[in-house]
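Q: Each chain is listed here by its residues.
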Amino acid sequence: MLRSHSFYIYLGFKLATALLAVAGAVVLLLALTRFIPGDPATVILGSRATPEAVAILNARMGFDKPLAEQAITFFARLFSGDLGEDVFNGRPVLTLVVTALPNTAALAVSAILLAIVIGVPLALLSANCPGGKGDRLIAFVSVGFISTPSFVVSVFLLLFFAVSLRLFPVLGAGDSGNFADQLWHLVLPSAALALGWIGYVARLLRSSLLEVLGESHIRTLRAYGVSETKILLKYALKPAIIPTIAILGMGFGELLGGAVFAEVIFNRPGLGSLIYDAIRTRNYPLVQGSVFVIVLLYVLTNLAADLLQTFLDPRERSRLTSGSGDGR
Amino acid sequence: MTIVSAMREVSRRPGGTFSLVAVALILIVAIAAPLISPYAPNAIAPANRLMAPSLDHLFGTDHLGRDLLSRLIFGSRVALGVSLSVIAISLTAGIALGITAALSPRPLDLLILGIFDIVTSFPSVVLALALVAVFGPGLSNIILLVSIVFIPHFGRVARAQAIAIRNSPFIEAEKVLGAERWRIILHHVTPNIIGPIFVLACMDIPVVITIEAGLSFLGLGVRPPLASWGNLLNDGYTYLDQSIWPSVFSGLALIVATLGFSLLGEALRDTFDPKLRRGP
Amino acid sequence: MTPSLLSIRNLDVSYPTSRGHARILIGVDLDIARGTSVGLVGESGSGKSTLALALLGLLPENAEIDAQDAMFDSCPDALSPATAQRLRGSDIAMIFQDPMTALNPLFTIGTHLVDIQRRKFPHASQADLWARGERMLVRVGVSDAGNRMRRYPHEFSGGMRQRVVIAMALLVEPKLLIADEPTTALDATIEAQVVDILRDLRSELSAALLVVSHSFGLIAELCDTVIVMYAGTIVETGPVNVVLHDPRHPYAQALLACEIEPLSSIEAAEPLVTIPGTVPDPANRPVGCVFAARCPARHDRCIEPPPLVSQGQGRSFSCWLGVSL
Chain A
29 MLRSHSFYIY
39 LGFKLATALL
49 AVAGAVVLLL
59 ALTRFIPGDP
69 ATVILGSRAT
79 PEAVAILNAR
89 MGFDKPLAEQ
99 AITFFARLFS
109 GDLGEDVFNG
119 RPVLTLVVTA
129 LPNTAALAVS
139 AILLAIVIGV
149 PLALLSANCP
159 GGKGDRLIAF
169 VSVGFISTPS
179 FVVSVFLLLF
189 FAVSLRLFPV
199 LGAGDSGNFA
209 DQLWHLVLPS
219 AALALGWIGY
229 VARLLRSSLL
239 EVLGESHIRT
249 LRAYGVSETK
259 ILLKYALKPA
269 IIPTIAILGM
279 GFGELLGGAV
289 FAEVIFNRPG
299 LGSLIYDAIR
309 TRNYPLVQGS
319 VFVIVLLYVL
329 TNLAADLLQT
339 FLDPRERSRL
349 TSGSGDGR
Chain B
1472 MTIVSAMREV
1482 SRRPGGTFSL
1492 VAVALILIVA
1502 IAAPLISPYA
1512 PNAIAPANRL
1522 MAPSLDHLFG
1532 TDHLGRDLLS
1542 RLIFGSRVAL
1552 GVSLSVIAIS
1562 LTAGIALGIT
1572 AALSPRPLDL
1582 LILGIFDIVT
1592 SFPSVVLALA
1602 LVAVFGPGLS
1612 NIILLVSIVF
1622 IPHFGRVARA
1632 QAIAIRNSPF
1642 IEAEKVLGAE
1652 RWRIILHHVT
1662 PNIIGPIFVL
1672 ACMDIPVVIT
1682 IEAGLSFLGL
1692 GVRPPLASWG
1702 NLLNDGYTYL
1712 DQSIWPSVFS
1722 GLALIVATLG
1732 FSLLGEALRD
1742 TFDPKLRRGP
Chain C
4 MTPSLLSIRN
14 LDVSYPTSRG
24 HARILIGVDL
34 DIARGTSVGL
44 VGESGSGKST
54 LALALLGLLP
64 ENAEIDAQDA
74 MFDSCPDALS
84 PATAQRLRGS
94 DIAMIFQDPM
104 TALNPLFTIG
114 THLVDIQRRK
124 FPHASQADLW
134 ARGERMLVRV
144 GVSDAGNRMR
154 RYPHEFSGGM
164 RQRVVIAMAL
174 LVEPKLLIAD
184 EPTTALDATI
194 EAQVVDILRD
204 LRSELSAALL
214 VVSHSFGLIA
224 ELCDTVIVMY
234 AGTIVETGPV
244 NVVLHDPRHP
254 YAQALLACEI
264 EPLSSIEAAE
274 PLVTIPGTVP
284 DPANRPVGCV
294 FAARCPARHD
304 RCIEPPPLVS
314 QGQGRSFSCW
324 LGVSL
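Chains as they are written, first to last, in the working numbering: chain A, 29 to 356; chain B, 1472 to 1751; chain C, 4 to 328.
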């Protein structure tokens, strides 16, 4: 059904905008290295580095080339699967990033799932009785959740569950290959990341639900005695979730930022701890590579949220497939 | 609206009273830090390291025996100083760029918008980290680098408002009267966009506090021994197995500050600009 | 006379406001006999839609509803929230004004048609309800009904959507069908079609019909009796042909004068007649006749509440003019 011309134009346009943003981000990242005080290669390798090593690194990083050339080289290498090399041990950045990515993805996805599982019911409870005691309590708790920094939550969770109660493992991502152990290690970090999102989902969805519940198609259903539960869970929830998705896509950036803290605090391998270690050791190619992947992830998630929002709405769907549908 | 009536209005909002008390407390503590802090914030006493709260040290001591309460009190200066400076810088730069974009020919407008888009295609914490990676940590660097992250935020609002006002009839009338372009902006556009942008600035304060504390927590922000709540939390985290108090109190300070400013920002938004009420 | 289906005495509806009670309906009596058709006419703010929503129990929660007597089909206290909740969707159904917004854009027509039957047929199978829905679409004149059931509201034109809305109302086989401005949002040509459907159905159905409209024309086509409302009160009521040809209350006369004659040519048309003034503030109503401030026949006695004057042919109206006649 979704195979019309305008659909591809739409998809292509969205994809092009997303890639343009990523390309811009790469140029910014490359331009930034110009601001490294002194000779970047010397800064990276330290003052005891041999002139030959500095020259090799400069050539490899293209610090001596114009920015445009640097950017073109970056993309050319990217397409052959080359994101540069770790300056200390020469391992390919791509390998490091690809090894770290699944851990961060698991963390982000489990945090989102947790936020949906808890946040959506909170929003429904709130919207079911707006202005009531429960609604006011949930509103206050939501603001608290949203405004508490995720690294504070991480430290508190660590302190409470892992150090005081010894309920959960403290550090690491669990034994590789042991799924249950990995899941067990995921509980605290994903809870720390999810907390803000629970508040976020509860608030956004609540206001969206209240708006939908005031629309006249809901009154039609009430006039036919359709049960309030069915109205809330079926007819109001679906239209209310659609605008929420796009806003959540934008909030995904904060989740990735929070992952840096969660990974550092819980000592988990992942993109966040990779960036952190790279910054501390001034391993610029690794900083560039992992920040690039995070930006890519963020932009693509936004794109996905955007497309999902479009395709959940039958009006948008048929606008894009117009010509194939028979209209009226 | 006078300040008193605005405060009365704010206190009627949910959590409004808490927000006023919390923000007033932080402001007073930051201003009066040298007067009220019981010890010098950096006075090391290794014999007293990691003590639990007592009458001598109400919040206990850290791993170098420094009085935690005093360090938290001085930490409020860093939190407020950094967040207010960042807001001031990004606000000024954002308004200037936003208005310039709105009144410039199309290519320059697109260029400025494109730069905003590129900056916002980074998650804010990750961009701050990337900038710190290049320019290095430290108080003044943090202020400047975090400001860059927030410029598009204000720039976009300023641009949108300036375009709306540029197209409104009273500006058209001024143009017909032959008033100069930049005089029009100064006289009409700026006062009109200050309201929404002020509310936005209030709501960004807790976000800046969080980013500064987060960078400091990672050791990439304010340099020790300067007391930032993020540094204190990091110290607490490092010695978590020996004493929980430094983590608990510095974490609580951050929660009270961010929650207080968030609730104040929301109450102000609801009071001054009900149109912005919906959304995150 | 046929036995009464709905009988309401002395209905008051008001809302608390910062300026005191806003009285939306005052002392309204409403009788609808089984299988008859009643029209409710008045300008915006007359309280006609409030009356319709009160029958369904769909007024906002802060509405204060008070009636001396409210009997629906031998069920007392019909306006209480619990009873109204039970009656709507099984014994009372409503056709809403704007077919563009009356249907949820994210669900298919079939989903709507199935779910609204649940109250009436709690034990029927999904497939049965689907089949009933499809048959009803055919009956209200939707072609290709099987396919249309799987379509979304935006894929229907305004007239088609209003047919769907009518089908919904008929599916629950109500004893009372309320139509709130059923044609206002439609083009003139589609309006005529929808009126035809409603009239055809009237002759087939046993349901009583309550048509709420600002237009005498629609009511003349569909109804037996008419109730003219002004500012929350009934000012005149009687058989449609009697009131239409010889309105007695000055407001009914003025309202009829405002109707545009459909056959009069545009060039020859007189300037549109309007009633000067506005409906009184519901929070601050006059003591005497509510229409006095706008009434061309106002005289000294109008500062006192007007009497209800009954005349032959089932007509009554409340005006001092009736006394002096």
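Derived from the structure by calculation, the hints contain no laboratory data.
Keep in mind it's a predicted model, so treat the numbers as computed, not measured.
A hint or two may mislead.
Unchecked claim - On the chain C side, residues computed to face chain A include the following (Cβ under 7 Å): (1) P63; (2) N65; (3) M103; (4) L106; (5) P108; (6) L109; (7) K178.
To be verified - Computed cross-link-like contacts, SDA-like style, restricted to lysine to any residue with a CA-CA straight-line distance of at most 25 Å: (8) A/K161 with B/L1579; (9) C/K178 with C/D190; (10) A/K42 with B/L1579; (11) A/K262 with C/V243; (12) C/K178 with C/T281; (13) A/K161 with C/L62.
Ideal placement from N, C-alpha and C gives every residue a C-beta, glycine not left out.
Q: Against this structure, judge whether each hint is valid.
A: Hint check results:
no., hint, in the structure
1, P63, "violated, 11 Å"
2, N65, "violated, 11 Å"
3, M103, "violated, 9 Å"
4, L106, "holds, 5 Å"
5, P108, "holds, 6 Å"
6, L109, "holds, 5 Å"
7, K178, "violated, 14 Å"
8, A/K161 with B/L1579, "violated, 52 Å"
9, C/K178 with C/D190, "violated, 29 Å"
10, A/K42 with B/L1579, "holds, 23 Å"
11, A/K262 with C/V243, "violated, 43 Å"
12, C/K178 with C/T281, "violated, 36 Å"
13, A/K161 with C/L62, "holds, 23 Å"
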